[in-house]
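Respectively, the protein sequence lines represent chains X and B.
At position 163 of the first sequence the residue is numbered 163 (this note's numbering), and the sequence of numbers has no breaks.
So this note's numbering is basically just the index in the second sequence, starting at one, shifted up by 1000.
Distance ranges between label pairs, derived from CB positions:
#1 X/Phe124 <-> B/Gly1060: 46 to 52 Å
#2 B/Ser1217 <-> X/Asn204: 45 to 51 Å
#3 X/Phe124 <-> B/Glu1086: 48 to 54 Å
The calculated EDC-like cross-link candidates involving lysine to aspartate or glutamate, where the alpha carbons are at most 16 Å apart (straight line), are:
#4 B/Lys1080 <-> B/Glu1026
#5 B/Lys1097 <-> X/Glu177
#6 B/Lys1098 <-> B/Asp1087
#7 B/Lys1091 <-> B/Glu1075
#8 B/Lys1080 <-> B/Asp1021
#9 X/Lys212 <-> X/Glu259
#10 B/Lys1098 <-> B/Glu1086
#11 B/Lys1109 <-> B/Asp1200
#12 B/Lys1097 <-> B/Glu1086
#13 B/Lys1109 <-> X/Glu177
#14 B/Lys1080 <-> B/Asp1042
#15 B/Lys1097 <-> X/Asp180
#16 B/Lys1109 <-> X/Asp172
#17 B/Lys1098 <-> X/Asp180
#18 B/Lys1033 <-> B/Asp1077
Which bits of chain B does chain X cover? Going by a derived footprint, with three or more residues having C-beta under 8 Å, they are:
#19 1098-1105
#20 1113-1120
#21 1124-1137
Hints are computed from structural coordinates only; laboratory data are not their basis.
Quick reminder that beta carbons are idealized off the backbone N, C-alpha and C, glycines included.
Below, each chain spelled out in residue letters.
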Amino acid sequence: MPEPSPIHPASSVLRDRFQRPSWLSSGLFALFLGFFLWSLAGAGMSLQSLIQGLPNMGTIVGEMFPPATDRAQPILEAILVTFQMALVGTVIGVILSIPMALLAARNTSPHPIVRYVTRSIISFVRTVPDLAWALFFVVSVGLGPFAGTLTIIVDTIGFCGRFFAEAFEEVDPGPSEALDSIGSRPLDRIAVVQIPGALPSMINTGLFSLEKAVRSSVVLGLVGAGGIGAELAVSMEMFRYDQAAFIIFAIFILVYIVEHFSSRLRERLLNQIR
Amino acid sequence: MNPIAQPLVQHGPVAPSVLSDSLQVEGLSKHFKGTEKSVFRDVSFSINEGQSVALIGANGAGKSTLLRCCVRLIEPDSGKVSLSGEDLSSKSGRALKKARNRVGFVFQKHCLVPRLSALTNVLHGNLAHCSGPRNWAQSFARQEDRQRALDCLEQVGLADFAYQRCDQLSGGQSQRVAIARALMQEPRILFADEPTASLDPQSGELVMDLFGRLSRSRNLTVFFVSHHVEHALHYADRILGLRSSELQLDSASHSESAASLREFYA
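So here's chain X without its partners, still in its complex pose (with noise of 0.2 Å):
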């Protein structure tokens, strides 16, 4: 082996500024940059129908100006009502996944079988869409809020079942142990440690679960599943753009609302817990 010149040893040699990618990187890339290609086709974009479009999102809008408020009244009752179905199914849905998440976590399942069905459980529900829910729901239990609430409720165990379960695994394990060497019982410990030590996590991953359940609550309404949906599909069907911009501006409130209220009762919980 020759021996490096004093005056560039190898470790001090540069390198060039780019390397050559392998074949197998190239390659893989080369397959990407097709099939993006094709998939440009297959979503349907084409610049020309979105110039043609253009004069008629301007009638849209034109039309949209001023909002008509003469059924303001239904409207305004549709919007609490899609508040009260968030907030029902939201609460139910934290309460729920509380056990769920309890289950799922590493430390304080059980058993990993029982860990396992419970994890499998959560993402399955987080994975189907809420709106295959309501639609579920809606087949089941009649149109109208309730099957809203409750698509709400299988909605928000998906999300909080995980981040709670992710909460509880992430907490200190010191006084557990601590506690576990008195020999204390484990639903004890998880009352007095990982519940506390979870708390400011579950109380963000909560009000979060609040915001996302009104915003998904507006959309329910288009499968019949109660709230402003359903007034917002039938004014754009009967071309009242006007009414339509209406429930829009309420809905932009109620989602503006909502999340002011949250951030800021946040802050006054996490500052509160003893």
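Once you have looked at the hints, place chain B on chain X.
Chain B only, in chain X's frame:
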């Protein structure tokens, strides 16, 4: 005023005086799977009630493991352990847990629940004896238990901090709350695994001082692991030394010098 310099109140049941052996260990051995050497072999000693005993040894000598094996938090490979005359080796499940409920444990880290108040954390010591929501938080607890928790805080000089959240306490204060939590158990014996390792020298002295006073005033047996030769000499009646997997020292602390103990760290 030094908050600890308050008169100590004799509190809780005094262990019956007929039992002179608080902890008795016979032929204890431990070998972790996949390691070449055993942690310790054939260790035997006994600690009298009210005695304060220090266990010294270099890093990795197996001090903490020995301490944990004494209450089977780590399962020893062989040997026998009795606590107050009660044989622990044969117990399992609930009986073992019940035997542990009079053993206070103080760790290197304080192991408190940071978001809860000092009073609630002390109350958790009562979970050793009874389970349920009454001991989950000070707001649910019975009046006499709240009072007892406050008394325990008083004994470590922290009654004024009862309603402070534990994440707002200093390291030394937290360790003293952890000791108060152990007192809440009304322990017969107190184990401490390097209780001063994460504290500054002054807080460390304060904590060790507290152990000494508790041992005397409550006739409490204290068994602590320490890296501090001075702590061992000053605060223990007796010193055990672990080296090369064996118990190579067992003598009264007044017959030892700092120089002779330092050999255990060579």
